[in-house]
Amino acid sequence: MTVESKQNKLGAGVGFERIRRITGYLVGTMDKWNDAKKAEERDRVKHSIAK
Amino acid sequence: MIQMIIKRDGRIVPYDREKIALAVLRAMKASGEGTVADAARVAEAVESALESRCGAEPPQIEVIQDMVEQELMHHEFTNTAKSYIIYRATRTRARESRTTLMKTIDEIASKDAKLSDLKRENGNIDGDTAMGAMLQIGAAGAKAYNEAYLLRPEHAKAQREGDIHIHDFDFYALTTTCTQIDIIRLFKDGFSTGHGFLREPQSIQSYAALAAIAIQSNQNDQHGGQSIPNFDYGMALGVAKTFRSQFRKKLTDVVADHLDDDEVEAQVAKAIEMTEVSFGQNALEPAEGFDGALTRHLYEVLGIESDVAAHLVARARRRAETQTERDTYQAMEGFVHNLNTMHSRAGAQTPFSSINYGTDTTPEGRMVIRNVLLALDAGLGHGETCIFPIHIFKVKEGVNYNEGDPNYDLFRLSCKVSAKRLFPNYVFLDSPYNLKYYVPGRPETEVATMGCRTRVLGNVYDPTQEISYSRGNLSFTSINLPRLALESKGDEALFLKKLDDMLELVAQQLLDRFEIQAKKRVYNYPFLMGQGVWLDSDKLGPYDEVREVLKHGTLSIGFIGLAETLTALYGKNHAEDPAMQEKGLEIIGRMRKFCDDKSQEMKMNFTLLATPAEGLSGRFTRLDRQRYGRIPGVTDREYYTNSFHVPVWYPIGAYEKIHIEAPYHALCNAGHISYVELDGDTAKNVEAFEQIVRCMHDEGIGYGSINHPVDRDPICGYVGVIGDTCPRCGRREGEAISEERMQELIKKFPQIKAFVGIE
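Sequence lines, in order, name chains A and B.
Each residue of the first sequence is one higher than the last, beginning at 63 in my numbering.
Each residue of the second sequence is one higher than the last, beginning at 619 in my numbering.
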């Protein structure tokens, strides 16, 4: 094991996975989203369930 | 006297009048006027015009072409002049697209996807891999060709300038979008993948394996996703087969133990066979009296006393049930894993796959639904959330919606799973526009969706087959609605006029494409048509044109940005003002009416789509901002709002959002979806989650899903909401933990096998 991958094993340089829905289907992480969709995801507000 | 001319690339070559005459003659032939002598006359006139203009200087090719246009007009070959101008424009476009194409390929080949938005246009393709990049290069080449050679100039212009978006344009010349695969029909008597023949499956494991193969095979014939509309009904047949064979095995075992005789298999089989002759096939819930009869037959065949035989039968039944349940779980787990790891389209993609289920109330069907939900809940090998398939739970009153309905428990389970894993989504059979097709006992009349949203149910082409099975979308093109509004500058009548024109333009373009698709033959779609997956394709031979059967599919007109459109026209969107909701429904209703009228006129299925906005939302907005500047509520964000949605940034309650969006579901018959965004804590509250699904049902939503954050730390395996720091191991994004801490975590959470890392 290289020094680098040993460090990775402990988390150095390793991000969190954030699974989100694009258009009905999910995408494993947002790395592969296009810029407009990333902006759209960033702008999403939560909807309250108070009646 | 002209001796030489300058070509486009700068080379100087000898002048040849004959070449001009030939080009003129070609244009004349295309427009059906003029003779060889006429062409020579025009060429001569061009030559003298060139001489007087350029003298001894070699003229540029563009100048010569200008002169040709001019002289054609002078000689009153007006139609020829027109066709020559169009020919020139087409050639220019082809040349330009070649240059652009090379630049595009350069970007695909040399840039990292992180830095290239182009390479992330489709979130499911990894542009950094060899096969992914090859796919993107092929797509770029196909797009350039399609635009230059296949589109009418007015369609090419609309596409290029962002008035419309022709989806899956790279596949324009090749195939259709998607299909709902009826696996019951496909599996009957087996099928061929093109690489080998597969026999009709005999156990739930092989049913599930073949379902994955069917999705993979069909995906290679089409450019969109693949869906199974009857996952529960289909897999239930596999469960039944597994149960029957397990029961026979278990009964043989217990009888062998009881009699201390290993050679009883044939007699046990005989006893079961005798019972099945009078009571029908053994099943999880066999016909009443089945076990009693079997008990008697065991006495007749093997002389086992009836009280003992009854015990043996009961024990075998119990064990077979447990084993079948276990097998079903493993089959479902395998299916889900398969669909997340199998590759298609030259390895660059995981198949876009969807499965619909929820309404099969047989014990076998229920076993399928329960276990596929449990497999989804468990996640992949390290607990990762499954990306595929999209699970779609069919909600129906009297079947699973209310307490006391036979599958209500499974509906509840689905809410619990979706609250953790984002799937299933929900499709609502009771919404009036779905209910009107629903015939109890005929599952093919139940609405099913292609996970992204595509819905195919009505059938103008063949009203006797208004079903969801074996059909799908052929192609779809979306209209940039905000553009029309911006161009109209608040003039409603002008906007509607522009909208009508644009609808006509798109309908024509869809028909043009249909013509290309319809000319294909069965052998062009070896699985889809060759294996009879598509409706009525089993009636065709390998060399037959697919034209007529394709008409079961839909041609869909989509739209994006209703919210921005309303703001551009009237200053507010449909969530901000009830009057705007009325305007919104008028606009979308008008589009739907156009589709309905067009369907009747052509006897084909034109439908209205609430476009998913992944690839085009940014492009339209970028182009419109260049043209019209930054307009608040219209072009001031990087994207246009998805179809008829309330904008994602607009603060609104979940119930109100559903109430506003539901009426558009009724209008968008090609497909629709509404989302509700919950924070992580609310999503964990299954009661609250179910209440939202119920609200969707009651409001007449067609298809909906609930979004909530699902994060995972690959270092410690935590799944849930992660803010800045991971609640389990405490690290920040990109930060390392100490080796000691890692050792502690490994001890504390032994189920975490190893570092998973980023894929």
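If you're looking for bench data, these hints aren't it; they were derived computationally from the structure.
Note that this is a predicted model, so its numbers are computed, not measured.
Heads up, a few of these hints could be off.
What the hints assert, rightly or not - Where chain A lies over chain B, by a calculated footprint (3+ residues, C-beta under 8 Å):
#1 1297–1310
#2 1350–1360
What the hints assert, rightly or not - Label-pair ranges, simulated between beta-carbon atoms:
#3 A:R104 - B:F815: 48 to 58 Å
#4 B:E1353 - A:D105: 49 to 59 Å
#5 B:R1060 - A:R104: 17 to 27 Å
#6 B:Y1056 - A:R104: 33 to 43 Å
No residue lacks a Cβ here, since even glycine has one placed at the ideal position from N, Cα and C.
Structure-based check of each hint:
no.: 1; hint: 1297–1310; result: holds (count 5)
no.: 2; hint: 1350–1360; result: holds (count 8)
no.: 3; hint: A:R104 - B:F815: 48 to 58 Å; result: holds, 50 Å
no.: 4; hint: B:E1353 - A:D105: 49 to 59 Å; result: violated, 27 Å
no.: 5; hint: B:R1060 - A:R104: 17 to 27 Å; result: violated, 45 Å
no.: 6; hint: B:Y1056 - A:R104: 33 to 43 Å; result: holds, 40 Å
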